[in-house]
Amino acid sequence: MPRPEPGCLRDALLRRLEGDAARPGPPGRLAGPGAEVSLGALPGLTQLGGARDALAGRAVLIATATQFCAAVALIELDGLAGRIVLAPPDLDRDHLPEILDRAGIEAVVTDPDGPAVLGQQAGGRLVCPCGPLAAAPAPAAPARATEWVLLTSGTTGVPKMVAHSFTGLTGAIRPWPVNAPPPVWSTFYDIRRYGGLQILLRGVTGTGSMVLSGDEPVADFLRRLAREGATHVSGTPSHWRRALMSPAVEGFRPRYVRLSGEIADQAVLDALRAAFPEASIGHAYASTEAGVGFEVEDGLEGFPEAYVGRTGTGVELRVVDGSLRIRSARTASGYVGADGTALRDAGGFVDTGDMVERRDGRYHFVGRRGGIINVGGLKVHPEEVEAVINRHPRVRMSLVESRRNPITGALVAATVVLHPGEAAPEAVKAEILAACRGALAPHKVPATLRVAEALAVTQGGKLARPGAGPAREVARHA
Amino acid sequence: MSTRLTILSNMKQIAEEQDKTLPALGDQTVLVESGLDSLCFAILVARLDAELGVDPFTTAEDIVFPVTVGDFVRLYDQAVLDAAA
Numbered sequence: 001m002p003r004p005e006p007g008c009l010r011d012a013l014l015r016r017l018e019g020d021a022a023r024p025g026p027p028g029r030l031a032g033p034g035a036e037v038s039l040g041a042l043p044g045l046t047q048l049g050g051a052r053d054a055l056a057g058r059a060v061l062i063a064t065a066t067q068f069c070a071a072v073a074l075i076e077l078d079g080l081a082g083r084i085v086l087a088p089p090d091l092d093r094d095h096l097p098e099i100l101d102r103a104g105i106e107a108v109v110t111d112p113d114g115p116a117v118l119g120q121q122a123g124g125r126l127v128c129p130c131g132p133l134a135a136a137p138a139p140a141a142p143a144r145a146t147e148w149v150l151l152t153s154g155t156t157g158v159p160k161m162v163a164h165s166f167t168g169l170t171g172a173i174r175p176w177p178v179n180a181p182p183p184v185w186s187t188f189y190d191i192r193r194y195g196g197l198q199i200l201l202r203g204v205t206g207t208g209s210m211v212l213s214g215d216e217p218v219a220d221f222l223r224r225l226a227r228e229g230a231t232h233v234s235g236t237p238s239h240w241r242r243a244l245m246s247p248a249v250e251g252f253r254p255r256y257v258r259l260s261g262e263i264a265d266q267a268v269l270d271a272l273r274a275a276f277p278e279a280s281i282g283h284a285y286a287s288t289e290a291g292v293g294f295e296v297e298d299g300l301e302g303f304p305e306a307y308v309g310r311t312g313t314g315v316e317l318r319v320v321d322g323s324l325r326i327r328s329a330r331t332a333s334g335y336v337g338a339d340g341t342a343l344r345d346a347g348g349f350v351d352t353g354d355m356v357e358r359r360d361g362r363y364h365f366v367g368r369r370g371g372i373i374n375v376g377g378l379k380v381h382p383e384e385v386e387a388v389i390n391r392h393p394r395v396r397m398s399l400v401e402s403r404r405n406p407i408t409g410a411l412v413a414a415t416v417v418l419h420p421g422e423a424a425p426e427a428v429k430a431e432i433l434a435a436c437r438g439a440l441a442p443h444k445v446p447a448t449l450r451v452a453e454a455l456a457v458t459q460g461g462k463l464a465r466p467g468a469g470p471a472r473e474v475a476r477h478a
Numbered sequence: 001m002s003t004r005l006t007i008l009s010n011m012k013q014i015a016e017e018q019d020k021t022l023p024a025l026g027d028q029t030v031l032v033e034s035g036l037d038s039l040c041f042a043i044l045v046a047r048l049d050a051e052l053g054v055d056p057f058t059t060a061e062d063i064v065f066p067v068t069v070g071d072f073v074r075l076y077d078q079a080v081l082d083a084a085a
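If you read the protein sequences in the order shown, they are chains A and B. Per full-length UniProt numbering, the first sequence starts with residue 1, numbered consecutively. Per full-length UniProt numbering, the second sequence starts with residue 1, numbered consecutively.
If you are wondering where the hints come from, they were derived from the structure by calculation, not from laboratory data. Just so you know, not all the hints are guaranteed correct.
Said to hold, decoys possible - Below are the PhoX-like pairs computed for lysine-lysine, each with C-alpha atoms no more than 25 Å apart in a straight line:
| # | chain 1 | residue 1 | chain 2 | residue 2 |
| --- | --- | --- | --- | --- |
| 1 | A | Lys-379 | B | Lys-20 |
| 2 | A | Lys-429 | A | Lys-379 |
| 3 | B | Lys-12 | A | Lys-429 |
| 4 | B | Lys-20 | A | Lys-429 |
Said to hold, decoys possible - Some chain A residues flagged as far from chain B (calculated, every beta-carbon gap over 12 Å):
| # | residue |
| --- | --- |
| 5 | Ala-22 |
| 6 | Ser-165 |
| 7 | Asp-270 |
| 8 | Phe-294 |
| 9 | Pro-304 |
| 10 | Arg-310 |
| 11 | Glu-422 |
| 12 | Pro-446 |
Unchecked claim - Short derived list, chain B residues pointing at chain A, Cβ under 7 Å:
| # | residue |
| --- | --- |
| 13 | Gln-13 |
| 14 | Gln-18 |
| 15 | Leu-39 |
| 16 | Phe-41 |
| 17 | Ala-42 |
| 18 | Ile-43 |
In this text, all values refer to a predicted model and were calculated from it rather than measured experimentally. From the three backbone atoms N, C-alpha and C, an ideal C-beta is built for every residue, glycine too.
Chain A extracted, bound-state conformation:
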């Protein structure tokens, strides 16, 4: 008789360790910068000491400085706490009191100096600092279904809190093939975001090891990935473009490169194919709200039109009014503490707000619904212009944004970061604009084009889009 699926992260880790015993190869590890633990030892350890069992059934905010402490806390608390809220690293401290209230937080797991740092903000709640890992018996209480809460990354206002279950979060993870060499997972993402969490869950519940990113510069992270032998690595297209600009990418030989969180255009897919000829390169779609949607492994941008409307895969896709809608058991169950904002429509579909267009048998992502530039009444998605600009071999990355204009209300303005090369920047600019004129309607062609040394990337690893509204975290990821 098949055993029931593990209902919590700790049980899934224990199940995985049973399987590991039958596999050759080194034991799995959880490795951060400056901290490491064998996954085999983790079920018998705690960093919370005697405070751990006091968190049974409570609503707990995990607000640690390091991803390592957060990852260990997740393994300790899933199945024990009633609700886990994961604070992302860039959470605005001014938003903390409202998060604590709205989520009904009763206890905060934090760093050793956390109680002093939190001070009055904890509002008398239990504060549990993470200490060194120490032996501990398994929790006495049977595992409960802990609610997981992730925060969206809006640019303004208090982030929304999105509720998930362990089952939903792990719904897209397939068993690792028995004879395949164990992977070493890593991600440019922070594991407290949906995209990064998906990789952590693979590393802990599947097989192999998990290497966490840190605050280090990208070159140092790439060198660490090479040292750790990372094989399966995910990031946003912006993360990957930045990695490709680093000489340190030379020593890094992944077997699997995954893109998510932003539109993966053909240029970045081709650049990764050229940089990592032995790797398989895939892009995935998910969002904090919609969960893991699908993966695309054919090396082409967009996704096959047959994905829309197909059944039997556990995920149903629809395109309504140009935006992608997703229904599956992996979508979030709702917003926490929101004033009745519905996450799903009456039919159970989540409107992702990601706009798609069908061309040549595929759907292509053209941008966010809210990100449209209105040029005299004609609409432009910044991302569709960026995709054309990025095809120029000298372009490393580009940002297209709206520029106010007294005649048409707005115009398209572009900024590009170039690779070093022989042709003068002015000549390259002329080529880029010529390419845009060949591929785009006149109102979509950048009216101004500027060359810059660098473009800002948000802490979530996405191109910083100035003036973007309170966007939802769109972590196209699995």
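Given the coordinates of chain A, assemble chain B onto it according to the supplied hints.
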């Protein structure tokens, strides 16, 4: 380069980029009959803002919309003078 020359050379450049045919431009040429559409004018205003540092359409409180090329050049001449003052 004078304001007039900057304006005229930008008009020619934009017309070329946008596949528009310009007539010989004189002070009496009516803007809406110049072959440039509103997108061309929007781009022209943006580029003149970058090159001359002025945008009279945004800064002026009561703008009289220019009808001819001559009006357009005078509008910018005045804006450049105001900005320098």
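Violations among the numbered hints: 12 and 13
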